[in-house]
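Colleague: Chain by chain, the residues:
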Amino acid sequence: MTEPTRRFRGLQGRLLLIIILGATFFSIAAGGLAYHLGQDQAVRTSRATLKDLAQAVEKTVAIGAYAVDPVLLREVVDGLVRNSLVAMVQVQLANGETLAQNPRVEASSASNISVSENMQIEQPLVSPFDETEQLGVLRIYADEARIATIAKAEAKTLAAMMIGQAALVAMLLYGVVALLVSSPIIQLATQLKALPPGSTGLLDTPRFNHNDEISTLINVTNTLLDSNAMILNRERELREEIEKMEAQYRQIFDSSSAGIFVLNEKGWLINSNPTVSKVLGLPLSNMRQFSRDNFIERVFGQPEQVRAMIRESARTSETVSGDLELLQKDDKRRWVHCLISVHDVTDTTASQKLLHEGTTEGVMYDITERKSAETAVRYQAEHDALTGLKNRASSDASIDHFINESVANSSSLSVFCIDLDGFKQINDRHGHDAGDQVLVVCAQRMKKAVRRSTDLIGRRGGDEFIVALRNIGPADPALSETADALLASLCEVIPISNGKTVQIGASIGIACAPLHSIDREELLRMADASMYEVKRTGKNNYAMAFPEGQ
Amino acid sequence: MSKGLRTLMFSVAAMFACQVQADFYVVVQSDNPQAFITKKEAVNLFMGRSRAFSNGDFALIFDLPRDDPKRAAFYLSLTGWAPAKVNSYWSRLMFSGQSMPPQPLPDELAMINIVERNPSALGWLSQPPTNPSLRTILVIKE
Chain A
114 MTEPTRRFRG LQGRLLLIII LGATFFSIAA GGLAYHLGQD QAVRTSRATL KDLAQAVEKT
174 VAIGAYAVDP VLLREVVDGL VRNSLVAMVQ VQLANGETLA QNPRVEASSA SNISVSENMQ
234 IEQPLVSPFD ETEQLGVLRI YADEARIATI AKAEAKTLAA MMIGQAALVA MLLYGVVALL
294 VSSPIIQLAT QLKALPPGST GLLDTPRFNH NDEISTLINV TNTLLDSNAM ILNRERELRE
354 EIEKMEAQYR QIFDSSSAGI FVLNEKGWLI NSNPTVSKVL GLPLSNMRQF SRDNFIERVF
414 GQPEQVRAMI RESARTSETV SGDLELLQKD DKRRWVHCLI SVHDVTDTTA SQKLLHEGTT
474 EGVMYDITER KSAETAVRYQ AEHDALTGLK NRASSDASID HFINESVANS SSLSVFCIDL
534 DGFKQINDRH GHDAGDQVLV VCAQRMKKAV RRSTDLIGRR GGDEFIVALR NIGPADPALS
594 ETADALLASL CEVIPISNGK TVQIGASIGI ACAPLHSIDR EELLRMADAS MYEVKRTGKN
654 NYAMAFPEGQ
Chain B
7 MSKGLRTLMF SVAAMFACQV QADFYVVVQS DNPQAFITKK EAVNLFMGRS RAFSNGDFAL
67 IFDLPRDDPK RAAFYLSLTG WAPAKVNSYW SRLMFSGQSM PPQPLPDELA MINIVERNPS
127 ALGWLSQPPT NPSLRTILVI KE
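First to last, the sequence lines map onto chains A and B.
Take any residue in the first sequence, note its place counting from 1, add 113, and you have its number in this note's numbering.
Take any residue in the second sequence, note its place counting from 1, add 6, and you have its number in this note's numbering.
Check the hints yourself; a few may be wrong.
[Stated by the list, open to error] When the alpha-carbon atoms are kept at most 27 Å apart in a straight line, the in silico BS3-like pairs for lysine-lysine are as follows:
hint, chain 1, residue 1, chain 2, residue 2
1, A, K537, A, K560
2, A, K164, B, K147
3, B, K45, A, K613
4, A, K652, A, K560
5, A, K391, A, K445
6, A, K172, B, K46
7, A, K561, A, K445
8, B, K46, B, K147
9, A, K442, A, K379
10, A, K172, B, K91
Please keep in mind that the hints were generated in silico from the structure rather than gathered at the bench.
Same shape as in the complex, but just chain B (with noise of 0.2 Å):
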């Protein structure tokens, strides 16, 4: 990935963020037979709660690092909790060592990546996704 690319992006991002509108999409790879899912699901699959698509396919969840603002956003919208709380929601979790939160990719562009080749992969954008190897099942408007 071009340095100018990850510049542009990042500006687009920029702007997507200053224009109030920013949206999230939940995004699998084109070969999913997931078509969509419900916001429920979504916070399901996210939360821990469900490994699973509605198929029974098992499901990867991805999601961004801890400390991206996109992804304290991205919860609100989904839970409408605050980062610290969803973060006291995975300690809980944790401490039993039997779930384990969505594995963070470093950023949007990694995650592309990932859902791009895994067919069971599950993630989120802030943009839609304009790689035709991607489809949106969810968009949650914020």
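Same shape as in the complex, but just chain A (with noise of 0.2 Å):
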């Protein structure tokens, strides 16, 4: 406010400045009309003035026109003129004969007399005796600049009153408003705007406001403020609490065993802790690609998998969980278990839609080593200690799943029963490790003679094998090509320990699915028969078991 600029900018320089002009308009327009009247009224009063004075004299000049009496006449003439508003009197006859006048010139000559209509007053002057007998006139005429300055300075008058009480009224009018209207508002103000956000400042109510609406308005202010910085307070309490509780959530996230993340509907990674990149195998760093990558695509080793199970939890709205191999990377497997939820937006509230719409959750653990040692489990169990080829459980299983599938796809499956011919002596004769060794050596070799790794090659026990080929049937060429080769690469010698080397023969008995059975044991018995029949017919050959019901 004390700045020449900003001054006309607050309520109060803007209330003085229209008090000002409003004054000042109401001072021009009144004050003019007051100098405007007040000269009308100056005139008329001189006017009636000297009217007042012509008739005073009317009796007196007209008796001293109708006695024809200049000396008294004159008598009378210079008594008007000393009145300061009569510049000049003149008694005129009827026939035009002045009988009396002062001062003695010409009308027209003197400056200071009017010779306008309004500026003098002719006064009839008739007979005493006879009403009707015009005897000529009494004229006054008046001073004009006297009247003028006399108009003026009652005119100066009224307009100075006029003004000096607009000037009185805007001036109440500006204190008043100022002290009970402005200023409270402008205090108001401007302890509002010193106030900080969330104080609880009581705003005082000014000395001449209690109980009218600024007081109010303070008390609502008051109100106002104080809910505000409770509500601040409240939202600060909770902000901290929120702050706190979010600390060690990210905390229980951050450190904790299990990979925790959160994909989007496109399977792309919204969020993950440090474990899963640990878990993974990734630097911190790679994780950030995933956030415009298929997380599901390059993570895992059967994508479809993870897909089937966020599909399932999605409809179920329960946690799937399985365990899943990552993509191998290197030699290494590597296997998670993972629990996948998925939420189900139709089901949440609004807010927490735009938080989750589509979003699938899911915890990992490393859990390769356990997939290792189960794996070491299941391959003892499975394989044969010394050969390293499937033992027999083992076997009869895969033939059990193969006849399953020849059956199923209508294709042939064709099963070798093999037993080795003079392993008994080599056993006998070079001891048990050496018996050991040809069966090594029996397993690589019939490896290598059946190729595909899709085919079963099993130890039923002892110096018993049995060879399952898929998709080769009775008349296939294969059949007695992979059964030539077998026979051929068990008959070639075998070194064993200390230099020695030794040679044994295999008699294989063959049965095929569907030709023989569909039955393992009665397709096992078949071929077994064959083989049988080969060792008792000369040994180191194969035959084929004879169809059914011959």
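Build the complex from these two chains, which are given one at a time in their own frames, with help from the hints.
Modeller: This is the structure in structure tokens:
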């Protein structure tokens, strides 16, 4: 308010400006009007005075005129002229003769003598004895300059009064408004501006504003400030609480031994904790690339399995768990146990919707070690410790599986029962170690001869082995080729320890499904029977079982 | 003038006064060429406006004393003014010294004697002049 440029910006300044302008405008208008009126009034008053003068002396002048008494008339005229308003007085008879005049000059030659009709009084003189007889006229000329001076003075006084009144009213108005309205409001505004947010500053009610709207305004403002401060405090406390909780959750999230990840509906990674990158064996910086890439495709060995789990979770609204193999990066296979839950979009409220729409939450534990142990156990259970071939039980299970497969696919399966010839003698002559060596070598050679990894090579016990060839029927050339290759490789010389070598033979009985049977035991029995038939008829050969019923 | 005549005249005057019928007679010497005057001319002459007859001859105007009741009646008949007003009128004019009221005579008999002797004289009487040397030039009805 102290700077000149800002003087009229504030409430009070503007009020002052408006009042000054209004008062000035009113003063000019009223002053002008008053001046005009004053002048008019002065002229009228002067005229009335002159008229009164004329009427006062009328009788005497009429007598003077009647009696044609210039001395009497001059006496009266001189008396009239002494009045300051009068410039000239003249008594003229009806015949034009001037009986008396003062001053004795021509009316037109005197500057201050008004010749206008307005400023001269003409009093007709009638005979005192006969009202119908016109004797002449008494003329009083007003002193124009004098009247103008008086009029001006009067007008000035009136205008000054008007202006003074306007100024007084304006000052009073300004003072009252400033005291009662603008200054309390300015004070309130200043106090409010100075208050820091959230303060409970109690604003004071100005001295003159108790029980009026200003005090109401201040009371309401105080109430608002208080409630604002209360709300702010509560929010602050809530925020602190939330921050604390958030920190705790973040701590849990970050330090959890479980990898936690959140995916959007496209399978992109929204968030994950450091454990995920540890589990995946990827540096933290690499995790960022998944925010624009399909996490499922890039991380898991069988993405389809993961997607199936997600679908399942979405359908049942429950957490689905399973062991998943990770995408293999090197020779080491790695496994995670994964819990997956999908947020049901329709189930959530609007605010949560934004946060969770179509998101998938997953928790993963590294179970590679457990999985490795499991695999080892299963391997031990399913394989022959010496040769590494599948053991009897495992082989039976495989053959069951193959039979089912061939029935389903209308394909053929060929089963070879192989018995080594001359193994017992080697065992007896060279010892069990040599026998074991022979068995290991034989196993390797059979693997080589069979070639296809999808085919089965198992050890049924002792020197008996089994081979199952998938998709190969009795008439298939590959059948005899494989049998020949097996025989040939098994008959080759086998080096044993001490630089010695041994040689064995093999008898192979063959049965086919579904030609011979689709029952495993029957199939194996028939293959066995053929094998014994070979042994009986000369060994070192292979023979196909006869079809059922022959 | 004998005392008896004066008494008689007074009684006659009283009789006339009582009679309500009280006309006034403006008179001049019978030699005066003025045969008659109008009432207005009479006012002009008696009220000091005019000092001459219509032929231009100077007129010497006479009046009765101020306190004479007949004078009041005469002026009331002539101008319609009360005596106080007439006196005030003359006071204003006398103030300037320019005009003088008509010269007052002690009574009507003196009036008759002056008019009889002076051809310029003009006077008034409350009864018609019996003297042949006087001529009435205006009768003012009351």
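Colleague: What are the numbers of the hints that this structure violates, sorted from low to high?
Modeller: 2 and 3
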